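Residues per chain are reported as follows:
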Amino acid sequence: MRILVIDDEPHAIELIKNYLKEREDIDEIRLATDGFDGLKEINEFNPEILFLDIQMPKISGIELLELIDVPVQVIFTTAYDEYAIRAFELNATDYLLKPFSKERFNKALDRAKSNLASSNFQDNFNKIVENYNENKEFINRVVVKSGIRIVIIPVEKIYCIESADDYVVILSETGEFVKNSTMKYFEKSLNPNDFVRVHRSTIINVNKIKEIQPYSKENFSIILNNGKIVRTSRQGIVELKKILDF
Amino acid sequence: MQNPFYNKNFTFSYLGITVIIITVYSVLVYFTLHVSWAVAVSESVISITLFAATGFGIWYVVKYNLSKTRLYEKIFLFIISGIMVVLVWFVFNMLFKSILIKLLGNNPGFIFNPLYHLSTGLFLFTILILVYQIIILFNKYAEKLKSEEMLKQNLAETKLNMLKAYINPHFLFNSLNSINFLIGTDNEKARVMIINLSEYFRSILKHKDQIFINFKEEYISALTYFKIEQERFGNKILFKDDIEESSYNSKIPVMILQPLFENIIKHAVSESLVAIEVYFKSYCDNDCLYILLENTYESEFTNQKKGTGLGLSSTFDRLYYIYNRRDLFQINKNEKKFSVLLKIPQKF
Chain A
1 MRILVIDDEP
11 HAIELIKNYL
21 KEREDIDEIR
31 LATDGFDGLK
41 EINEFNPEIL
51 FLDIQMPKIS
61 GIELLELIDV
71 PVQVIFTTAY
81 DEYAIRAFEL
91 NATDYLLKPF
101 SKERFNKALD
111 RAKSNLASSN
121 FQDNFNKIVE
131 NYNENKEFIN
141 RVVVKSGIRI
151 VIIPVEKIYC
161 IESADDYVVI
171 LSETGEFVKN
181 STMKYFEKSL
191 NPNDFVRVHR
201 STIINVNKIK
211 EIQPYSKENF
221 SIILNNGKIV
231 RTSRQGIVEL
241 KKILDF
Chain B
1 MQNPFYNKNF
11 TFSYLGITVI
21 IITVYSVLVY
31 FTLHVSWAVA
41 VSESVISITL
51 FAATGFGIWY
61 VVKYNLSKTR
71 LYEKIFLFII
81 SGIMVVLVWF
91 VFNMLFKSIL
101 IKLLGNNPGF
111 IFNPLYHLST
121 GLFLFTILIL
131 VYQIIILFNK
141 YAEKLKSEEM
151 LKQNLAETKL
161 NMLKAYINPH
171 FLFNSLNSIN
181 FLIGTDNEKA
191 RVMIINLSEY
201 FRSILKHKDQ
211 IFINFKEEYI
221 SALTYFKIEQ
231 ERFGNKILFK
241 DDIEESSYNS
251 KIPVMILQPL
261 FENIIKHAVS
271 ESLVAIEVYF
281 KSYCDNDCLY
291 ILLENTYESE
301 FTNQKKGTGL
311 GLSSTFDRLY
321 YIYNRRDLFQ
331 INKNEKKFSV
341 LLKIPQKF
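In the order they appear, the protein sequences are chains A and B.
Just so you know, this note's numbering puts the end of the first sequence at 246, numbered straight through with nothing missing.
Just so you know, this note's numbering puts the end of the second sequence at 348, numbered straight through with nothing missing.
Just to be clear, a hint being listed does not mean it is correct.
Below, simulated SDA-like cross-link-like pairs (lysine to any residue); rule was C-alpha separation at most 20 Å, straight line [unchecked claim]: (1) LYS266(B) x GLU82(A); (2) LYS144(B) x ALA156(B); (3) LYS266(B) x TYR83(A).
Think of the hints as simulated: they come from the structure by calculation, not from any bench.
The structure presented is a predicted model; accordingly, all values stated were derived computationally and were not measured.
Only chain B is shown next, with the shape it has when bound in the complex (with noise of 0.2 Å):
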């Protein structure tokens, strides 16, 4: 956080606020003292004046005193710089006095009370201290509000391209092209592809408000759609998987499988003469879910700027936003094997 100096209305609010102390303090002075006017306010003035000037460094001491987690540092620390900046303030308003006796030749009646002075400053100091901590609570709540704001704006933002990439239409129309083929020649097989087309955009619709679903429900979508894409591409890919059951219950981002099976639709079956195996693993362990996604592919000629999956980014970037971390995405590249996983926190 930047110090708060730096902006032009909180140091006009906080030279006014000084003024206002000087005038309160003058007057306390003045009527619990005894003193004369012009040494209740020479005192006022010379007293607030340089704790004002000292103010500026406590921010420093705040700040500091963030980074430190436990109760006990920061009640230390502030003790230490409170005597500290109490001490350095008590000498200087001393030896001010002192200069001025000297200038003026006698003594007006400044006051040389250190017991006075050592619980003014110590009172000082705790108000600023308490200012200095309402207005970094206070940036806080609005930094909050703003990246709250900016979430959501970039789950909607997602979201939107999520759907557009869903009702993909080149699959969609590819799988039409596929039916215009099946009727006729093989009824049941069209009539498998219609079910599932159905099934899968329906499931697309059915979610696309929630942020999160379970597994299992996640899985066999994603699956419908990869079910599509082989009946499209024959004999072309070799599909297993290996589901732990406790997986299955896990709450996983909606619509996040997809398009990694997808990828290896775009990036390695269709640019591929030979048949692509494909490996689904997914398993629980320490509060994650581990979402493994492997297949192979064929290097030769296979485009470099292609393969390395730009799709894959939006995925990244969405388990980014929901979690707020970015270790829950690896993607692993040899000369054969692509593989993605995931890491999907269940308590966060």
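In isolation and in its complexed conformation, chain A is listed as follows (with noise of 0.2 Å):
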């Protein structure tokens, strides 16, 4: 087996490291300190197995996750964040709480490994990153992958958001990037005094309009700071209405 370990504490990694060096199944160990050199062992070294920290500098391992498209199993590692512990709980292949033992650590192990011999992929970690936003405050950074670059784009940089089939668009004063999510996500994790959908296919930071313009009678003509325009629907101008006071 090629396994992934992902922590930014070292005594975390070297204690899985221990814990693997006692079993005789594993053909390959890696190790990151962080989720960008993570992210590039992922699609270098191809792991089947991935031990991943939540709390971890600039990207967390719930980020992270929202980046990876391979199939992988995924065994988390946290010490205590009960957001995590509620989504995974409904979600998740296995997840370890530190301190954990030898015997947890092999069951987890064991767990994931008959998974991969029935080919019994999580091939969906949406749920988890959903259930996770879901309890926590607003998000304010969004992470995206742009080729093999990972791009972090903090909330207030976003000029909007368009969906496009599968996928959504963010316009940012970085660039526009393709993310695999669903426009329902963004609607329920970014702050509502911020981002209105304006659209069903549009949502917009309304600190970044320059002006609104009648379109028709119900219709408005946004336009924002890039030059971008945007039509509105009938609920969305209620919606900005609300939030503008206007």
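Put the two chains together into one complex, using the hints given.
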């Protein structure tokens, strides 16, 4: 088995390494101490099993999860994160609460191994991400992949988010990015005081509005600071009026 | 403070007392000046009612006087306002009676003795001022009781929150995980960590009912916490301190330093890919203990909202509840460094 461990604490990584050493079914172990490194390893090393910590610098384990698009068995490790634990309970292969015993560790690994054999993959991590964010405060950054680069977009730099089939397109000060997510997710996760779904297919950042012009009797055109013109729906304009108070 | 006439009870009592004084005054006038009952009563009604009406305004004199701090200013203001009030009252009193005489066609025996009236007026004025002063004192006392109660409640609340924060489960379980690794790999380090962890929790329990503590003890406790985190994060923390000898015996609110260190772990160390430099300095000056805690951070990508340090607001609150001052806590932030400066008054 090819295994990747992502954790920012050296002791935590070393412990897993020690536990793994005592097993005989491991072919190769790789280690990463942050999400960037971790994602690079996922792409290059193509691990079968991933031990993933939640609290990490720059991008969290949950954000990393949003970027994984290859099949892999994920075993989460965390010391204490009630949101994560609640999300895992519903959707994860397994999760280990630090500190964990060797027996518990082996059990999780065996479960992942048998999942591998029956090619029973978690093909969709979105559930975990959604459950996690639902309980938390609003997100304040979005992590996207652009080629092999990972880009972190602070939400205040977003102009608008548009739906495109199964994807969303995020227009921001740092560029246009595609993300495998839903409008519904963003509508729930972004602070409704800043972001309004003005149309079925568009969420805009109200702080980036340059002008609002009447377009027809009940519809408006919104011109954003980047020059983008957005149409509103009847419901959308009602929501916008509530926030902007006009 | 509000004009007490806004209070219905006060207004009714005021009117009631006015009626009582009118009665007493009538009797007094009747027996001392040997006039008819009709004259005594009308004299009393006119004088006292007029004075009672002036009394509404005197409240503002008393209130304005509160803003003066020097005694001679207060006395001067009372004398001036007293003379003015009594004079105005006197003039109106005379005028009113003159009009009455005109209307009646003859003088039924009204008193026009300036000395008599002025001394009566001065007496009434003094009484009224005293009543107002008593009301103010009473209100102040009630307010003080209330604010003390609130302060106590807030202190209790922050204490509870502090305890919760101290027995920070994330910290505890991660430390135990570290120990779990160190056992068998580096027993000595594992032992040190267990000792540090125990000492840290023991110090929390020991001081949990105190408000103040010696700086030295508080610093050692916070440092024990920080040492555990240093061990957890390997070489990611570079720590330096500079403690002025004289600061050791200063008094400091208990558990005030640890959250500042924890803040660095949360927002700088665990959000950074490179090592973080931390610098702690303390010194005494002008009856104050100054504490500076400075750290570098990676500004890139660092969450702006997170970076403003929501955890620090509770430190600010506590200092405010304890010292009733808002200028004891300062945050400075630039591209590379984040620092907090605490000012702990030693005499208050």
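20 Å Cα cutoff - pair LYS266(B), GLU82(A): At roughly 17 Å apart (the allowed maximum being 20 Å), GLU82(A) and LYS266(B) satisfy the hint.
Pair hint outcome, LYS266(B) versus TYR83(A) [Cα-Cα no greater than 20 Å]: Status holds; Cα separation ~17 Å.
Given hint ALA156(B) paired with LYS144(B) - CA-CA distance at most 20 Å: holds (18 Å)
This entry satisfies every hint, going by the numbered hints stated previously.
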